[in-house]
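Could you put the whole structure together from the sequences, leaning on the hints where they help?
Read top to bottom, the protein sequences are chains H and E.
The first sequence runs 1 to 82 under our numbering.
The second sequence runs 1 to 396 under our numbering.
Bear in mind the hints are in silico, worked out from the structure with no lab data behind them.
The beta carbon of each residue, even a glycine, is placed where N, CA and C say it ideally should be.
Treat the hints loosely; a few may be bogus.
[Unchecked claim] Covered stretches of chain H, going by a simulated chain E footprint (3 or more residues, C-beta under 8 Å):
hint, segment
1, 47 to 60
2, 63 to 77
[As the list claims (entries may be wrong)] Cut-off 30 Å, straight-line C-alpha distance, at most; resulting in silico cross-link-like pairs (DSSO-like, lysine-lysine):
hint, chain 1, residue 1, chain 2, residue 2
3, H, Lys65, E, Lys284
4, H, Lys65, E, Lys220
5, H, Lys79, E, Lys144
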Amino acid sequence: MSDIDIRAVVLEELSNIAPEVDMSTVNPSADLREELDIDSMDFLNFITAMDQRLGVNVPELDYPKLITLDGAVAYLQAKRSA
Amino acid sequence: MAEFRMPSLGADMEAGTLVEWMVKPGDEVKRGDIVAVVETQKGAIDIEVFETGRVEKILVDLDTKVPVGTPLAIIRTEGEAETGAAAPPSEAPAPPPAETVPATPAVAPKPAVVEAPPAGCGIRISPVARRLAQQRGLDINAIKGSGPGGAIVREDIERAAAGAPSPEKKRARGLDLDAMRTAIAAAMARSKREIPHYYLQHQIDVTRCSDWLADVNAAKPPAERLLMGALNVKAVALAARRFPAFNGFYNDARFEPSEAIHVGMAIAIRGGGLVAPALHDADKQPLGELMVDIRDLVARTRAGRMRGSEMSDPTITVSSLGERGVEALYAIIYPPQVAIVGFGKAVERPWVVNGEIVPRSVMTVTLAADHRVSDGHAGALFLAEIGELLEEPEKL
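Right under this line is the structure:
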């Protein structure tokens, strides 16, 4: 799966959480919690979706690595490639 | 026979608009089934039936606004014999005059249920949605439902007919944020006008609790992980069991403690607004099950899929703003409840432990309580109990 594919999955799941946000306007290096106004429940749902769709079980200690769009894509790609 | 009535979904609700029937005459229903959707200021609420039996007669047409308590349908309960003609029970009052919402003023109100039994089974769809789909020549197999349990509802048909985007791209169903603000304003103004609040705050060392939570979650897949909010709810529920003066309702100048502990959980709505639906019997649920219920409740609430019982049943409320950086929040009691507990952000603080200053994670818990029912002394004990419970999370 390419970076583009992973980014598409990430954006789709974020869009499910914040449906009113135009994902094309999201700053890829900004903190998603502030950019999308998401809380811990939203973030847990996002992490759960990544586990179910990409097979990447993100431990809580690694949550900070997924706090930006670019960071999330890079982390998920690295884990899938490992 | 039993009457299915317009429920009261909050202290300030006087009327609701019936916007969808999920059943038709002859359908079997069981207690807890969602049978109708009612539009209120808090949004479109899925209404459960509290009888098991068969729908005998629909009494109120769609898009009709009726007062709380109005009979909406007649249910033939289990064991009752067929009597032929469907009629309301003799003691039942006639439905009061209804106010028809003038959405389509030139057209008479539609019959509640008129369509033939569905030709195909396997797809959950409300009767009115099925009829609309037939009228408009839409294939229901190609329509994704946004109703209870994925059922196709009228809104889905109208959206499909209009070629509108899927519901995921729209704001949550039925959540009118302006109307919600009006409802919040009414409830909070009444609370501040009628309830003599007193406020207390208590600081809790949650270091051990946070460590315990991290250890538990490290062994779980994401779908089974716990959030601190679940521990907070459980601790409040258990403390309320020991201190019943904070769990119940104040009505007609007297306090009615509640045997059941249904914790209302304040949930922020995207774009503004706030709802606090109930987590039923929160004191009795293991943490894992409570967390499952919280996830479900938050998802449904933000999607505008609350249930009537969740709106009417909270006996005490929990609110948290810790994730937004707030260290202490002083909440307003939701009448007719008598207490609300607030949780702030856990912050690192110098803390004295065994005579030494050490860094600890400290969280401020607040209580707003009704002075007509309890005093600060009892409130302090209640808060201390919550703190002790959170310091021993394995016992929750």
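Here is what the structure says about each hint:
no., hint, in the structure
1, 47 to 60, "holds (count 9)"
2, 63 to 77, "violated (count 0)"
3, H:Lys65 to E:Lys284, "36 Å, violated"
4, H:Lys65 to E:Lys220, "19 Å, holds"
5, H:Lys79 to E:Lys144, "33 Å, violated"
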